[in-house]
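Build out the structure end to end from the sequences listed, making use of the hints.
2 protein chains.
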Amino acid sequence: MAGKLWIGIDGGGTKTTAVIGDENGHLLAVAKGSSGNLTAISIEQLYTLINNLIDQLFIQTGVTLSDVETVFAAMAGADRQAEQQKIYDAFKQSPVLEKLRVQSDIHAALAAGTWGREGTLLIAGTGAIIFGYEQQKTFRVGGWGYLLGDEGSGYHLGKLAIRSVLKAHDNKMPLKLFQEKILSHFNVLSPDQLITKVYGSTNSVAAISSVGRIVLDAFEEDLIAKSIVSTVQEALLELIESAYSRIDRTKPVVLHGGLFSNKPFYERFTVRFSSRFPDLIALKPPISGTVGAYLLALHESEIEVSDPVKQTIQQTWRLLEGEIT
Amino acid sequence: MAGKLWIGIDGGGTKTTAVIGDENGHLLAVAKGSSGNLTAISIEQLYTLINNLIDQLFIQTGVTLSDVETVFAAMAGADRQAEQQKIYDAFKQSPVLEKLRVQSDIHAALAAGTWGREGTLLIAGTGAIIFGYEQQKTFRVGGWGYLLGDEGSGYHLGKLAIRSVLKAHDNKMPLKLFQEKILSHFNVLSPDQLITKVYGSTNSVAAISSVGRIVLDAFEEDLIAKSIVSTVQEALLELIESAYSRIDRTKPVVLHGGLFSNKPFYERFTVRFSSRFPDLIALKPPISGTVGAYLLALHESEIEVSDPVKQTIQQTWRLLEGEIT
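Protein chains in written order, with the UniProt record's numbering: chain A, 1 to 325; chain B, 1 to 325.
These aren't lab readings, by the way, just hints derived from the structure by calculation. Predicted model only: the values in this text are computed from it and were never measured. Every residue gets a Cβ at the ideal spot worked out from N, C-alpha and C, and that includes glycine. A couple of the hints might just be wrong.
What the hints assert, rightly or not - Ranges of calculated distance between the beta carbons of each label pair, as one might list FRET restraints:
id, chain 1, residue 1, chain 2, residue 2, range
1, A, Q314, B, T231, 43 to 53 Å
2, A, T138, B, P264, 37 to 47 Å
3, A, Y88, B, N203, 10 to 20 Å
4, A, Q193, B, E323, 53 to 63 Å
5, A, T202, B, S301, 22 to 32 Å
6, A, E304, B, T196, 33 to 43 Å
7, A, Q193, B, E98, 44 to 54 Å
8, A, T231, B, N203, 26 to 36 Å
9, A, L319, B, T231, 53 to 63 Å
10, B, E323, A, Q45, 53 to 63 Å
Laid out in structure tokens, this is it:
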């Protein structure tokens, strides 16, 4: 191979994806594996996963490790130095080690939204959190988890929806269509069985969050669903509010996580966001977290990503992404 | 013995207490045992517990089972018929069976507040719930547990307190004295360690609820603590609001659970309660749940509890209660 190559790996809760490309933004191949969340899999499994992904990329491209400058692994659950060190330790005997950089997958999401390392990320997934990175310093606002209140999260959305069913039941009100759907979703006939069902779930938080989809499907037609979604969005706006003084207003606020994948939710949110914070811009990342990890690999070699390079990345990504989504 | 006797047993989360008395309200002896919560102990343990308590009462009084008309066991966790049947089944081979009546401990708390079987109970313990019993029918409002939001509970109180610490930290505000105490309570130096500590607890909900005491101690002096307590009380008032149409306004609303044991909390709450619901009366039970269970035993024999009997109960109870509290 002429010139060097860079690998980006994005390890999420359900899948891990990898991409390899050159310094001009030509993405050559992608690979896909299982969950890369360090809190869910063992360090041995993570080691095998990363090696497999790299091998897949090498087989597709005929590249060898000596052609690779950096492997940037952005892994869920690798937020703290202790976790990152665990991953480095796993590669102690491997030639990959000297090329490996480990970070949280949050950094890849941020890079996917900003094309760079710095900026602010608003995550509305199962949890809700603001993550900022400026001048090599990170800050977090929110992200307190379900026990201390994850307002603005998918859990919050699901919880409010289930509560609306229980409230209707307590007040002897008839159920709305989306509330009936929540009962069917849990396979129960009456609201008072819901509580037992939720607490009896193997993963109650996931069970509650799973209801969010039903509300999102209904909120354009149903007033109760609309007010639930509005409450969740208000909580996200308040999260921005409380982080406001620390947000770099020269960069967009990147919207990340499952709730923003819902188009009507995303559209309504950005309208409210703009009217509340006219000096801020909120956007969904134009590229995937996998490409974000690749960008971070380039950054490690201090390679400037110019506009033509960005275009090349987007063009070549479009040809590859079908293989891993 | 001349005449018959009645036994009341109140099984709670940390202790179970029993009392024996006659139809004129003369309480003769009390006994104390460990937790009687069916969700926490096995049915064999519960069987042994109840037998031990009865034996203790018999030893103290020289009474035998043939002198006893009814043993009323009001046990935490025995809300549903299935659980009650389990307890009856455990006594299948025992002569106690024909005298045994099993109910939830909630009924004993209600009886302790109303001297009768019917009325409304507002519970603000680890959970928050309204429990009503009218014409042999029960109703419940709230009580959805921590995952679906137990607004008005000790968990809610603790959660808001911890959130106030995290919020202060997110906004780089100095901590108030009671917030510092929360850090010491969890043995951490910085608010961001709180989250790890709470989620790492064996019983996170109990850990969060345990903070309530710190807020209650502070709320008369500290404005943030005051507003937290006010939010929790407002949630309890809203619970009453949503149950309002089903509450029997001829009977008092009985206040039950740990939060009401705090005198300033109780006093402030009753003031707000009276101004919000001028046609309702809220009160703390004049007698204990153990005596409530004894009253329910009397009710099983359709014995009227007249005012002189009530006086005798209160007088004789005062002599005994020191032994079991």
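Okay, the hints, checked on the actual structure:
no., hint, verdict
1, A:Q314 to B:T231: 43 to 53 Å, "holds, 48 Å"
2, A:T138 to B:P264: 37 to 47 Å, "holds, 42 Å"
3, A:Y88 to B:N203: 10 to 20 Å, "violated, 35 Å"
4, A:Q193 to B:E323: 53 to 63 Å, "violated, 43 Å"
5, A:T202 to B:S301: 22 to 32 Å, "violated, 47 Å"
6, A:E304 to B:T196: 33 to 43 Å, "holds, 39 Å"
7, A:Q193 to B:E98: 44 to 54 Å, "violated, 34 Å"
8, A:T231 to B:N203: 26 to 36 Å, "holds, 29 Å"
9, A:L319 to B:T231: 53 to 63 Å, "holds, 54 Å"
10, B:E323 to A:Q45: 53 to 63 Å, "holds, 59 Å"
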